[in-house]
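Asks: Line by line, the protein sequences are chains A and B.
With numbering that gives the first Met the number 0, the residue at position 76 of the first sequence is 75, and numbering never jumps.
With numbering that gives the first Met the number 0, the residue at position 174 of the second sequence is 173, and numbering never jumps.
Some hints here could point you the wrong way.
[What the hints assert, rightly or not] Here are the simulated DSS-like cross-link-like pairs (lysine-lysine), alpha carbons at most 25 angstroms apart as the crow flies: (1) B:K65 to A:K83; (2) A:K127 to A:K108; (3) B:K333 to B:K248; (4) A:K11 to B:K361; (5) A:K139 to B:K8; (6) B:K248 to B:K361; (7) B:K65 to B:K112; (8) A:K108 to A:K83; (9) A:K108 to B:K1; (10) B:K2 to A:K75; (11) B:K198 to A:K11; (12) B:K65 to B:K55; (13) B:K1 to A:K75; (14) B:K277 to A:K127; (15) A:K139 to A:K75; (16) A:K139 to A:K83; (17) B:K361 to A:K127; (18) A:K127 to B:K1; (19) A:K11 to A:K27; (20) A:K75 to B:K65; (21) A:K139 to B:K2; (22) A:K127 to A:K111; (23) A:K111 to A:K122; (24) B:K1 to A:K109; (25) A:K83 to A:K6; (26) A:K139 to B:K198; (27) B:K55 to A:K111; (28) B:K333 to A:K83; (29) A:K111 to B:K2; (30) A:K83 to B:K277.
[Claimed, not checked] Covered stretches of chain A (in silico footprint by chain B; criterion: 3 or more residues with CB under 8 angstroms from a CB of chain B, positions within the stretch not fixed): (31) 71-83; (32) 91-100.
Just so you know, these hints were derived from the structure itself, not from any lab.
By construction, the Cβ of each residue, glycine as well, lies at the ideal position given by its N, Cα and C atoms.
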Amino acid sequence: MNIITVKNLVKKFGSFTANDNLNFEVRKGEIFGFLGANGAGKTTAIRILCGLSTPTSGEISVAGYNVYTQTEELKKNIGYMSQKFSLYEDLTIYENIELYGGIYGLGLKKIKHRTTELLSNLKMYELKDTLIGKLPLGWKQKLAFSVAMLHEPAIVFLDEPTGGVDPVTRRQFWDLIYEASNSGVTIFVTTHYMDEAEYCDRVTIMNNGIIEALDTPNNLKEKYSAKNMNEVFIKIARPNITH
Amino acid sequence: MKKFLSFIKKEFLHIFRDVRTLIIIFGIPIAEILIFGFAINTDIKDARIAILDLSKDATTQQITNKLLSSGYFMLETHLQTSDQIEEIFRAGRVKEVIVFEQNFAKRLEAEGKADIQLILDASEPNTANILQGYTSNIIYTYVNELNNLLPQNIVINSTVRMQYNPGMKSVFMFVPGTMAIILILISALMTSVTITREKELGTMEVLLVSPLHPTHIILGKVTPYLVLSFINVISILGLAYFVFGLPIKGNLFLLIAECLLFIFLSLSLGILISTVSKTMQQAMLISMIGLMMPSMLLSGFIFPVENMPDILYYISFAMPPRWFIEIVKDIMIKGSGLQMVWEETLILIGMTLFFIAMSIRKFKIRL
């Protein structure tokens, strides 16, 4: 079952075409990697899928909602986390959860329940009245992910979620992603780390506003006869560089 | 609505957890009012005056005695001709000259009215204003006493002439001026900084992805500042009235409504600044240099607009505080009603709508 369908997506800013006729589907529950160099058009596409920006043309549906007309409903059913992350440093863990719970319209009971569930899962329950600013970066990152999942969205968009985090924490972060994926949540993730691309079920590589490749990491490696995703990426994004 | 409330709660938490913000919001306004208030010495004793009595009758003598026995004035000299007025002011020997017209008592008796002219050295505007107040008061009391005794009412017209500073920056100017500056500081600067902060931290993106409507995000960000600014207006007026004995002659509700209008204007300016700036520093710079400085210098708060060179005078039209100060001054000191200040009020409303329209346009372009 497809949870995101994108047909002939075009987004232009004046004469500049950021997304040139994109076509892809994301299946329910999969981890979908969205790769590309800076300026390839990833962010533009994500903004459209999140209902932040209207496409110039194309048929796009996310979680069953139309991105032109049903942005309100769409926003209720997706979660979002970016590298710059979403938690307020001068609020405590609980206050942050309460805020996002409130914004997504969860009742107070539900918020309390989800807080206990989520913090016990992260083994951070005793810290619930600690200011976010006092936590190490890795913890904040994991917490931000859990908060993005607070309202039990169908899809979570992760925009370079592991930027600036050490390898061990990144590994732990991916454990959380797998866990969410196993419980049926669809993960749409962009990353700069090619080793992370290997963790995805399927990967898309964008370059200059178009999709150059879309397949499982293994198929891509085979097709481009590369040892790892890094080589695949370089062959696609920088075809004139030879090794 | 619930969503909106949890957002506002968070905004208040931001404010109350940040000591610097608290100081700016509550410390500065009170300190500013107290400093301005106490720096202006309202207690004047034994001011030197000169009297030019062209009538020299019993009534003028009585008034002179009343003035001199009040304790506020000391007679420097009696002048003989009006030519001496300029001279004695230039010599800096007196602060005020009182001129009784010819046939003062006779006119009072025959026509029931007579003229006194008060000429003041307004190079020290505060002193001049206070002295004028004292003099008028004494004359007024005297006329009242007479009227109680006499069958028909008499009137003494006192005309006031301010020497050297006809623009007359009044002692009471500091309240409207400070109020304007403080409201701009809190409403415009603080809101522009707090909105850009969310942009800089990246939380704005997360909020935009959430089901909260962008309008609600902006409203949620400015509501706490609206509340706090309003509290500030009330405390400034309270301080001015109870501590410094400033009059509020006009309608208090009109005054508060005008203050609210100015708060809205400042908030919309703050929003506009936040839509054009990417970082907090940028927002702060624009607010301080682009807004606070011209507001202080060109609004008539520090320099009277009437004395400005033509170009600056016309630029001052574009300064929202200029109109606000005018309105507050009129309502508080002159006791004007809406029919006297509707033009200024319309200008402020127009500016507010303009800033809101600009912000919406900028916001849309950014998305």
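Asks: Each of the hints needs a verdict: does it hold here or not?
Replies: Results for each hint:
1. B:K65 to A:K83: Not OK: B:K65 and A:K83 at ~76 angstroms, beyond 25 angstroms, violated.
2. A:K127 to A:K108: 16 angstroms, holds
3. B:K333 to B:K248: 7 angstroms, holds
4. A:K11 to B:K361: 19 angstroms, holds
5. A:K139 to B:K8: 22 angstroms, holds
6. B:K248 to B:K361: 42 angstroms, violated
7. B:K65 to B:K112: Given pair B:K65, B:K112 holds - Cα atoms ~19 angstroms apart, limit 25 angstroms.
8. A:K108 to A:K83: Status violated; Cα separation ~30 angstroms.
9. A:K108 to B:K1: 14 angstroms, holds
10. B:K2 to A:K75: 12 angstroms, holds
11. B:K198 to A:K11: Answer holds: B:K198 to A:K11 is near 24 angstroms, not above 25 angstroms.
12. B:K65 to B:K55: Holds, because 15 angstroms separates the two Cα atoms, which is no more than 25 angstroms.
13. B:K1 to A:K75: The given pair, whose Cα atoms are some 15 angstroms apart, holds under the 25 angstroms limit.
14. B:K277 to A:K127: It is violated: about 32 angstroms lies between the C-alpha atoms, which goes past 25 angstroms.
15. A:K139 to A:K75: 23 angstroms, holds
16. A:K139 to A:K83: The hint holds at about 11 angstroms.
17. B:K361 to A:K127: 39 angstroms, violated
18. A:K127 to B:K1: 23 angstroms, holds
19. A:K11 to A:K27: 29 angstroms, violated
20. A:K75 to B:K65: 80 angstroms, violated
21. A:K139 to B:K2: 24 angstroms, holds
22. A:K127 to A:K111: Holds, at about 11 angstroms.
23. A:K111 to A:K122: Cα-Cα ~16 angstroms, so holds.
24. B:K1 to A:K109: 14 angstroms, holds
25. A:K83 to A:K6: Outside the cut-off at roughly 30 angstroms; violated.
26. A:K139 to B:K198: Holds, at roughly 19 angstroms.
27. B:K55 to A:K111: Answer violated: B:K55 to A:K111 is near 89 angstroms, above 25 angstroms.
28. B:K333 to A:K83: Roughly 55 angstroms separates the two Cα atoms, so the pair is violated.
29. A:K111 to B:K2: 16 angstroms, holds
30. A:K83 to B:K277: Given that 25 angstroms is the threshold and the Cα spacing comes to 15 angstroms, the pair holds.
31. 71-83: holds (count 9)
32. 91-100: Satisfied; 5 residues make the cut.
The structure fails to meet hints 1, 6, 8, 14, 17, 19, 20, 25, 27, 28 from the earlier list, while all remaining hints are met.
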